[in-house]
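Asks: Assembly of the complex is requested from the two constituent chains, each provided in isolation within its own frame, with the hints serving as guidance.
As given, the protein sequences belong to chains A and B, one line each in that order.
Counting in the working numbering, the first sequence runs from 1 upward without gaps.
Counting in the working numbering, the second sequence runs from 1 upward without gaps.
Please keep in mind that the hints were generated in silico from the structure rather than gathered at the bench.
Misleading hints may appear alongside valid ones.
[What the hints assert, rightly or not] Here are the simulated lysine-lysine pairs, PhoX-like style, with alpha carbons at most 25 Å apart: (1) A:K265 with A:K87; (2) A:K21 with B:K82; (3) B:K15 with A:K18; (4) A:K26 with A:K64; (5) A:K87 with B:K15; (6) B:K82 with A:K64; (7) B:K15 with B:K141; (8) A:K355 with B:K193.
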Amino acid sequence: MGYVAVKGGTLAIEESLKRIKYERLKGGTVLDVRRIEGGMRALVDQVMSESSLYSETLAALALKQAEGSPEEAVFLLRAYRSTLPRKHYSRVAKTSEMRVERRISASFKDIPGGQILGATVDYSHRLLDFDLMDETDEEAAEWVRGFQEELKDQPPAAGEAELMKVVDYLIRQGLMVRREDDDTEPDDVTRRSVTFPASRSQKLQILTRGQTGAVTSLAYAVIRGYGVSHPTVGELRVGHMPVSIDDPLGMEGDEDDSYYIGEIKVTEAEMLMSASASKEQGRKELAFEIGYGLCYGQNETKAIAMGILDHSLEQGDGSLPTQNHEFVLFHIDSVESTGFMSHLKLPHYVTFQSKMNDVRKTKGTVKPEETAAEKTGEVQEACT
Amino acid sequence: MHINYNFAFFDEGSKREIRRATLKAIAIPGYQVPFASREMPIGRGWGTGGLQLTLSLVGREDVVKVIDQGSDESVNAVSIKKLVQYTTGIETTDETAEATLIQSRHRVPEAPLREGQILVLQVPTPEPLRMYEPSEAETKKLHAEKEYSGAWLMLFEQIMNYGSMTTGADHPVLVHDRYVMAPSPIPKFDNPKLDASEALILLGAGREKKIYAVPPYTQIVSLDFEDHPFEPESFQGRSCRLCGATGVFLDELYDDIGGIAYFQCNDTSYCLDRMNRQTRDEGVGSR
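The shape of chain B in the complex, shown without the other chains (with noise of 0.2 Å):
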């Protein structure tokens, strides 16, 4: 008993199905699109719903870079781009301006993405409302209804509390000016990259069976009051150790022997492209 299995891991008409769901996602930007999630050969929670975008997807002439917390190198990352490659053949890539497809968790690429390229980002939890809200049957009421009172009552009890906005990655933003729609958990730095982003955007949960999507040149707006403006993380005075980047997302890292914190560029495609121009014009300066 020795099978084989198809192009891109599902049968065609499971391709088609989640094809058909993806149409109906762009056409409604922010709305989230109940489909027959698949089980797939990795965990729910490990990003079986941009994987299933990936493969409902790929054909043989893209390119696909896979990106978790910032890195082309983290295992998971690694690991589903293994198989995609391995169900699929085609080339895969750590450069973010040659990927047709990029499949990533938790973070909008750095380098500025462009018309034709497709991001596929991982959600866990793609409903913005199930914070004050555990019913599945009443947050589909309030989308339907654009009731978003709760979230705003939401932001204005976290600023009562705590005296700012303490959504962490996952900042609400509105779509278009109809639903509101959690941004995946991209740090609140990415958001304002969603706002009339040039390439597709497509959000994926496995778990909880949604798919939605933001279209190219679609408005994004990260919810806030104006005496409370939106604010993303700030590492204001701080660049990168090894390519000395500004204005990028940092990682936070310590040093085991100075017990000093210092900061380098979480999207690490980003940061190596950067250290290779620096020693390709150092060297060409040199000569």
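One chain only, chain A, in its complex shape (with noise of 0.2 Å):
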């Protein structure tokens, strides 16, 4: 008789994914996706930013999939997105132009134009509703058209017009140097390999792809202490910004050949940080120097802290890991930092039973034959 080996990964892998769909419809319900994505805004904006994806629709189905996992959704779209042919570049798509729905200045009482508050939850209460777990589809549609009825008696809001940007303003004041626009194409770093020291656009992509959780933390580093800055919020804009791309046919750089193809909703910071400049005979003076911050959704605390993160590196002092390039671009990465944490879950037999090989020789005595109590204590050991 033939030797028959145990066919064991197959079989486990069919059972183990019996059981996670199992957990995900053991409640006995179904989530619509339609109801992730007029639910859950902030976490689909999250998970659009990370996967640098724009699809409410794909991100709320990713979500249903991932249960709601946002490191496991982006994992999804990330790979879908892998798949995507690169057809278009858009055109410079330009902030001022922005659809505003929400405006704040933390530098400026008066900034033109005005504080729109717009949609936020920094000024509510973290107090649980309780109603919210008897709310039912009726109640929610008649509260809307209550709503919508009150805002037809309302002058159209200042955000329709195009709003003045802060820094504008500083620098007519003279307080900010204008700098040139730099109209380079920019690195895709989804297309080449980042390289160091990191080019301004291959930072702000890996920065306006890092996960949430990850940049926030580097920043909040920055303001307490490493590499110190004390940033204010210069300007801070929630809206939509229409994308248009050049006829593939026509003329290249035409703008009145170009299509509209949609608009995509962000987040823009603009942080004000003061900093010295040296002048002539080594004289100083302060001037503000800024940090851009820009994402997918509504991702204000995201937006803010790629700003700060965005100023620190290009301080560039090496010695500090919030302004080491590598330091900060190789580790903020969803993806990247989940997956390799993961992976160390696969088994490592080959390299341990190589690392037990070395560890043996090194104590020049123990041999695999002892009882397998002292062999617990030897593998502990190594493990350390």
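Replies: Okay, structure coming up:
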């Protein structure tokens, strides 16, 4: 009789997949993707931002499949994104053209155009609203009707007009140096791996794709003391931004021939930091510098944190972790960090056997024939 | 919204890009070619570098074998094989000799590879100098200048501290007298198999975004010293409990009841093949 190998892997995987499906469904309810899209806006936005794929519907689908785990949902979307051919690059989208829904400045009380609070939880008390336990679709629809009725009587929001940027105001006052627009073609980090020192476009892309928690933590480290700078929110905007692409057949760069393909919701943070600038004859003066953050969706903490890290990385003192390009940019990606963490769950029998061989060799004594009890002690030692 | 995936998962443009990086890697043996690593449907660190190579290379005529830790039936091997099969519909095999494309984690198969076969190794940390230089910008310079004293020093310090080199799996090698290369975490035991290999060996690191290669018949030398020669893992005096093989990489297993260690081929397909042969030969003999 021939030897029959134990076919463990295939069966085990099938059973495990069945199990995970069971865990998702055992409550007896099925989540509607449209409900996730409608009711989990913050999570959908976060997932879109970290996935760098703008699709509320696909983000909602990913969240359903991932049972609400953002890291898993981002993973699903990024993998799907890999299969999409890159057909066009959009024209430069201008945030000054944003249809603003929310705009605040922590620097100026009286910004031209005014502060627009928009939708924010910042001033809500974080008390659990137990009424939401029994909220129904009908009640919700009725409330929305009432709200829309109220809106009718109001004058059009200031956000409809093009709003001046706070930095322009600073520049006009001579408090900030006007930088030339840098129109060099950005490096696409998803098409070419990042090089060091990283270009500004590489930094900004990796920061905006970064895991919200990681970006926030590192930015927190900056304002707490690691390469400290004290930032002020110059301007924070949330709104919709038009995106257009060049006519693939027409003249490149001709704006009149470009196609409007839709709009994306973004959060933009312009952080102001004061920094000393050297003048002639060793004289110094203070000036404002900017840290920039832009990400998909309404994602304010992340955009602010991104702005702080952008400025920190521009300083580029490699001895500070928060200013070290490699340290920050290599470690904030959700898919990369969680992937490598989870790979530790894979068997490492071969490498461990190899390590054991080394450990034994340096000890020069222990042989594998010894009793299991002794052996366990040995292995534990090798693990530490 | 129902979507069908492309043949071998990627869009054609991506496959082409990865193949171009691969060609460059083959042209400069041991040099780590940066590439725009794509996010994959399996975890970063679970073999995405190898999988990107496999998917960019696989054609309808190919026969794929996937090994993880020496086993075709290990869950990760099965999972990767499933994905390749799901997105391509091509044939898979457990037999090393039958495969045209072999993706492996941590092992070079025991059965010798031949011309025309491609071995794809999954690499977690492609940078052999990372142990003593955390910066990518710096290690790139060191490679460019062929400045490898750090690597030798690292081995020297191990000898000073422990009396022998303690590189575990992933003992650095010198490729064709030019680049020092991390042979992925294959055990030292497999290092000699890379030397003058008849098959093309490709190494892919997805998370670290690098592809590198050992073209056929390339000289590979494991770093060592005259008075401390390179020593692979030793299984002296031991043999496989199932097929009796010696001179192969063995897994050390424990008998719960007897509390005794025993050994078994790590390469399960090799072991199975040997056992099947033995059974066949016995069958012929007893008739």
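Asks: Against this structure, judge whether each hint is valid.
Replies: Cross-check of the supplied hints:
1. Note on K265 (chain A) and K87 (chain A): the hinted pairing holds, with a Cα-Cα distance of about 21 Å set against a maximum of 25 Å.
2. Straight-line distance between C-alpha atoms of K21 (chain A) and K82 (chain B) comes to about 18 Å, which keeps the hinted pair within the 25 Å bound.
3. For the hint pairing K15 (chain B) with K18 (chain A), the CA-to-CA distance comes to about 32 Å; that exceeds 25 Å, so the pair is violated.
4. Pair hint K26 (chain A) plus K64 (chain A) holds up; C-alpha atoms about 14 Å apart against a cutoff of 25 Å.
5. Of the supplied pair hints, the one linking K87 (chain A) and K15 (chain B) holds, its CA atoms being roughly 15 Å apart against a limit of 25 Å.
6. Between K82 (chain B) and K64 (chain A) the CA atoms are separated by roughly 23 Å; this keeps the pair inside 25 Å, and the hint holds.
7. For a cut-off of 25 Å, the pair hint linking K15 (chain B) to K141 (chain B) is broken: about 29 Å separates their Cα positions.
8. Straight-line distance between C-alpha atoms of K355 (chain A) and K193 (chain B) comes to about 20 Å, which keeps the hinted pair within the 25 Å bound.
Hints 3 and 7, counting from the list given before, are not met by this structure.
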